[in-house]
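Peer 1: For the protein sequence lines, the chains are F, C, D and S, in the order given.
Our numbering numbers the first residue of the first sequence as 1 and each following residue consecutively.
Our numbering numbers the first residue of the second sequence as 295 and each following residue consecutively.
Our numbering numbers the first residue of the third sequence as 589 and each following residue consecutively.
Our numbering numbers the first residue of the fourth sequence as 883 and each following residue consecutively.
It is possible that some hints are incorrect.
[Stated by the list, open to error] In silico DSS-like pairs for lysine-lysine, Cα to Cα no more than 27 Å straight-line: (1) K783/D <-> K806/D; (2) K489/C <-> K512/C; (3) K1077/S <-> K489/C; (4) K1100/S <-> K1077/S; (5) K195/F <-> K218/F; (6) K489/C <-> K783/D; (7) K1077/S <-> K195/F; (8) K783/D <-> K195/F.
[Claimed, not checked] With the C-beta cut set under 10 Å, the calculated list includes, among others, these residues of chain F facing chain D: (9) H187; (10) K195; (11) P280; (12) S294.
Simulated from the structure, these hints should not be mistaken for laboratory data.
Positions of the beta carbon are idealized from the N, C-alpha and C atoms, including for glycine.
Protein chains: 4
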Amino acid sequence: MTDPGPIALAQLNDIETAAFVAALGTVFEHAPWVANAAAAQRPFATVTELHRAMVAALAAAPADTVVEFLSRHPDLAGLAARAAPLTADSAREQAGAGFDDLGFEETARLANWNTRYRACFGFPFIICALRHGKDSIFAEFERRLTGDPEAERRAALDEIARISALRLTQRVTGPGIPPVHGEMSTHLLDAAIGKPAAWIPIELYAISSDGPPTLVTKTVSDVNGRTEAPLIAGRPVPNGGWELRFALGAYLAERGTAGFLETVPVRFTTSEPETHYHIPLLFTPWSYSTYRGS
Amino acid sequence: MTDPGPIALAQLNDIETAAFVAALGTVFEHAPWVANAAAAQRPFATVTELHRAMVAALAAAPADTVVEFLSRHPDLAGLAARAAPLTADSAREQAGAGFDDLGFEETARLANWNTRYRACFGFPFIICALRHGKDSIFAEFERRLTGDPEAERRAALDEIARISALRLTQRVTGPGIPPVHGEMSTHLLDAAIGKPAAWIPIELYAISSDGPPTLVTKTVSDVNGRTEAPLIAGRPVPNGGWELRFALGAYLAERGTAGFLETVPVRFTTSEPETHYHIPLLFTPWSYSTYRGS
Amino acid sequence: MTDPGPIALAQLNDIETAAFVAALGTVFEHAPWVANAAAAQRPFATVTELHRAMVAALAAAPADTVVEFLSRHPDLAGLAARAAPLTADSAREQAGAGFDDLGFEETARLANWNTRYRACFGFPFIICALRHGKDSIFAEFERRLTGDPEAERRAALDEIARISALRLTQRVTGPGIPPVHGEMSTHLLDAAIGKPAAWIPIELYAISSDGPPTLVTKTVSDVNGRTEAPLIAGRPVPNGGWELRFALGAYLAERGTAGFLETVPVRFTTSEPETHYHIPLLFTPWSYSTYRGS
Amino acid sequence: MTDPGPIALAQLNDIETAAFVAALGTVFEHAPWVANAAAAQRPFATVTELHRAMVAALAAAPADTVVEFLSRHPDLAGLAARAAPLTADSAREQAGAGFDDLGFEETARLANWNTRYRACFGFPFIICALRHGKDSIFAEFERRLTGDPEAERRAALDEIARISALRLTQRVTGPGIPPVHGEMSTHLLDAAIGKPAAWIPIELYAISSDGPPTLVTKTVSDVNGRTEAPLIAGRPVPNGGWELRFALGAYLAERGTAGFLETVPVRFTTSEPETHYHIPLLFTPWSYSTYRGS
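With the rest of the complex left out, here is chain F (with noise of 0.2 Å):
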């Protein structure tokens, strides 16, 4: 199957019901009705109030149905997740994760968890993953286990409404796009003579408590000392710990400065996914400074 693009806010307002819920069924999971109860309030001015308006039908929904919602959603990763059919959209999200390469320690924490908050609250631990590295989605697991149910469902509900507003970014186009992207970009000055550096190789690592760092994107400086596209942007910017490593050895060694600095790490944690981290770095062949610009 093609997928056949984003659409138009406007052409959303205009088209049929059944065709609305076509285009928008998937965007609560296994939930086409809550499209279906969305659309009879049309037009929306915004994806904003269409968004709104997709989370209230889900909340106007008697208790019992919003329980089943919740517990058709796929258990995070883990054994589970193996037997059971994970959508498309949750298969993607959970992989960015890094929950396509656990270890057999962790595969089996997750299976216990998954088992006992199911056990607990009803339903499966619900994230919306890409907001989230490993660590922190672990993190956020275990402290969620003790929660009581109420805040649960609660806390359950907040999660899907941030994955539908993900979901509604990728498929409608339109005004007023709900504020679920972050960014992350960089910039690279040479101090020694005050203008920007082109054309330094720039890494950029997810660290996580164990295991080695994991590549996330890697990309060169342009004339500007910055990069063609922002290191990550379109999407939340996973909470987590990061690497950025500029290769400055190439570019000082032309210059004839090498020696003293050849790759820089500059190492910072993350924990608004929908902010912009803007990470220059000011150096000289002697010394250097980074910050969190704006």
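With chain F fixed as given, assemble chains C, D and S onto it according to the hints.
Peer 2: Same frame as chain F, now just chains C, D and S:
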């Protein structure tokens, strides 16, 4: 045998020749005759003058005596080293460069190079190991394998002058010590409060081109933001890559400003073993800078 | 007479020659014949092409016409300037360089130099005043007084090319504007909280070798730590000394961190009028850094 | 009369009471009886103990003796001061605060305040002038004019304790000097080459709210990027505004990197007279940073 400890230059100037040779005979490997020749030049006003006299005595020896002297130096680590006994000095000096845990492939390469070098030049590859990290020694070895005989003879004598100067500074106290030691130090300043940062755990790692970083020393900053002792002192700073790790996490957490910075790695390369590398870190919860200070 | 406002390049390409000359006749001082000659080359794809055609028309004129054209330019300020009428353009451009408040000694020096220059070269000293501060103009004048006639003729034509390009960008809109404008901007980041610093009063002063600093503009940072408009834009950045003053006192006092920094002055010199000078300030209550950014 | 120079604490412990009083009788203004009372407490192990004994002797005196003692202190500068003779100590200490060149308006204000203060409290306004700049003294004076009598009596005694501690450290050598001195120092590092910057002219100015900056000291950096002597030492750092000026122009010009930075001013305020203010400058031709170091 217990180490008698260092002897004062003034005392060396006074004692009988036999005692002088007993004290300094091993400064030049298997060559007490060097000390013997220098003894006749006494008194020495400085340790540097004493060292120069020993170096001159070696240089004044007939060519074949010098080659024989060179050829009695141990092979650099490798298989050969295990067959022939190292002097206690050589063993300690080579250990510092990371030669106590070479892998199989490296050991084989070194044995091969040792054989080729000896065949070419008639004596083993000699280098002041305390001035080098593992990468740096391999690079020097590879470069010098293709040297011409006269250049290598001079290079070997230069390295022996360095080795003997270092040995002398351990055995003799007095004025005019040869400038054979370097230093590495750090300083932590919390720029958000304008004060030194105390009780920050600091680790220093040696970085090599292959294999994981090797912990060299660990310490903690004091109330002045400095360390009780320099990170490296009383010896040359080995040429090579280094990573300082400043664990700011707990410090920032205590002040309620954790979140962005946790462990700050600072990676740099040194290439002047006899100088002082001062690497301060100025930080706030959201930024830091570092530089080669003085 | 009311200013008719800028005219579109497309329209200039279409109108009659007389209207074209009416629109652009004063771009070259007292020389509508330059516009007349360029009119025949229409259409122009870019404003830069139009400018080149006008410069070429001037260069193609007979030598004595060019000298006569040069000689009709006003003397740079001074007593002579008051005797002969300045065109409105010349008056405004010279005011920018600080020539509206020369002291007695400076006025006398300028009059003397004007007389000598005219006697030597047959036309007045011509310079694109918008690209210079007062010190810079005096330095250029002194240097060029001792030039040779051919070099001065070329220097005068180069300056006229710059003056006319600036006048053209004010009168004509369209693609391919000549790169005659520079920019000065700033950005305030509070590194202690990792956020832009809002509502910081900022003053920009021009510094000259004698006399007190002259206030050029004052503004305040916005929530992004930037200023609503650049400090200098839509014109060249005059060569000379500058002092930015960032009044951090009230900002820090509100946060309970006043005491060490009050007003931070940043002094620098510019010498490339057509480029962008971005001068950010990263500060904490106890430190700051600044650099020529991009 | 020639200054006999400082006397050793050990000697003070040994000499006759009359000699002791001759040596220390002027430490408390016009009150040799304080020294006389302290003499009986000998021997003192530290200069600080000696000082405490003198302060205690004053505190133990009858209330009216104390008031009489306070009332014999000179008025702070002003007209009154010219009528009554200052002791040599008072004259020197008040000069340091800038009271040797007060303007007419300030002199009148001070005379007025002096009269009011004396009328309210029965003794003149007493302050340790070496700890303050002019602005700071005026601010303190204004604040204390509205104090209550008991608070002012205690404030006066506190200030006298400070004044006498400073006088004592000039007259007596020995262990346990009271911590009454501060320091101001700087350090210049050229981050573009990773080395200290030598031979940079440095000026230190005191800044007051009105009037131009006053040159306090000028010096030049040495090969270690430091100054031969601290900018301020052997006395408190007066509370107030300061501007350090680093003349980088010639240094950068020699290296072919002049153009952007010429003289770098660093402006800051101090408010802890007994501490060390270390204000380094790290610079490149295109950037610099400064901070309160340690």
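Peer 1: Confirm or reject each hint.
Peer 2: Now the hints, each set against the structure:
1. K783/D <-> K806/D: holds, 22 Å
2. K489/C <-> K512/C: holds, 22 Å
3. K1077/S <-> K489/C: holds, 24 Å
4. K1100/S <-> K1077/S: Cα-Cα ~22 Å, so holds.
5. K195/F <-> K218/F: Cα-Cα ~22 Å, so holds.
6. K489/C <-> K783/D: holds, 21 Å
7. K1077/S <-> K195/F: holds, 21 Å
8. K783/D <-> K195/F: holds, 24 Å
9. H187: At 8 Å from the nearest chain D Cβ, H187/F passes the 10 Å test, so the hint holds.
10. K195: With Cβ-Cβ at 7 Å, under 10 Å, it holds.
11. P280: Since the shortest Cβ distance to chain D is 9 Å, the answer is holds.
12. S294: S294/F check passes; min Cβ-Cβ to chain D is 5 Å, inside 10 Å.
The structure shown violates none of the earlier numbered hints.
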